[in-house]
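Peer 1: For reference, the chains in residue letters:
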Amino acid sequence: MRYITDRKRAVGLGSAKTGAQEFWKVRLTSAGLFVLVPLFVFTFGPMLGEPHDEVIAYFARPFPAIVAALTIVVGFKHFRDGAQVMIEDYVHGTTETLAIIAVTIISYGAMATGLFAIARIAL
Amino acid sequence: MADVNRGKRPLSPHLQIYRPQLTSITSILTRITGNALLLGALLMVWWFLAAASGPEYFATVDGIVTSFIGDLIMLGSLWALWYHALAGWRHMIWDSVWMMDIDSAEKLGWAVIGGSVILTVLTVIII
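The listed protein sequences derive, respectively, from chains A and V. Counting with my numbering, you get residues 2 to 124 for the letters of the first sequence. Counting with my numbering, you get residues 876 to 1002 for the letters of the second sequence.
Take the hints with a grain of salt, since some may be wrong.
[To be verified] Just some of the chain V residues that point at chain A, by a computed CB distance under 7 angstroms: (1) 906; (2) 910; (3) 917; (4) 920; (5) 923; (6) 924; (7) 926; (8) 927; (9) 930; (10) 933; (11) 941; (12) 963; (13) 1002.
The hints are simulated quantities; they were obtained by calculation from the structure and are not laboratory data. Don't be surprised by glycine CBs; every beta carbon is placed ideally from N, CA and C.
Modelling step: build the complete structure from the supplied sequences, incorporating the hints.
Peer 2: Spelled out as structure tokens, the structure:
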């Protein structure tokens, strides 16, 4: 009889080795979005279709600007990580690599664009 | 190496084998809504960029986003957003090993579908 726990015996024997971090990152950003998304929907939503000067004045205020910026950062990070999981499920090989690169470019590109726009409106 | 015998290896039963169930459909919808939200998110970023650029460009983009098709996309995105959020809660619940029995899982499925519709209608009324 060996004095070792069942868990200790099992650690490292799975085929995946890594991956818990990816799982945790998506859960972490989703927890953040539970708070951010309702705040964003009810600040961004009413501004759709409003006159330009009103939109500018509204998003120059700290709360709507910070909520929008945070939602864009956390949202696109969550999308990038989630979309990678989907890609890894359905495509393989070179297509998989290229798809992950494309999703990463779109996500961070959109994130930077959104942040730039909000900074320009707010400052 | 790992791929040598890929074609001949037996596959475990997958989507084509199983009859669709509430739990499987709601799970697939979580993935579809999550990825489809990219469209609404990109429209939102475009709208912010237009607002930052100036009144004329903003009028054009705001016109597109609030056009009939734009409204349709935004309404769809709103539902997808609430659906994906509620499905996220469901995952958190399951990750905590709660409500894993079939009855509870089915109830959660209906809660996600019903809740997302109710939240969408409420949001449209409030906004």
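Peer 1: Run every hint past the structure and note whether it holds.
Peer 2: Hint by hint, here is what the structure shows:
no., hint, verdict
1, 906, "holds (6 angstroms)"
2, 910, "holds (6 angstroms)"
3, 917, "holds (6 angstroms)"
4, 920, "holds (4 angstroms)"
5, 923, "holds (4 angstroms)"
6, 924, "holds (4 angstroms)"
7, 926, "holds (5 angstroms)"
8, 927, "holds (4 angstroms)"
9, 930, "holds (4 angstroms)"
10, 933, "holds (5 angstroms)"
11, 941, "holds (4 angstroms)"
12, 963, "holds (5 angstroms)"
13, 1002, "holds (4 angstroms)"
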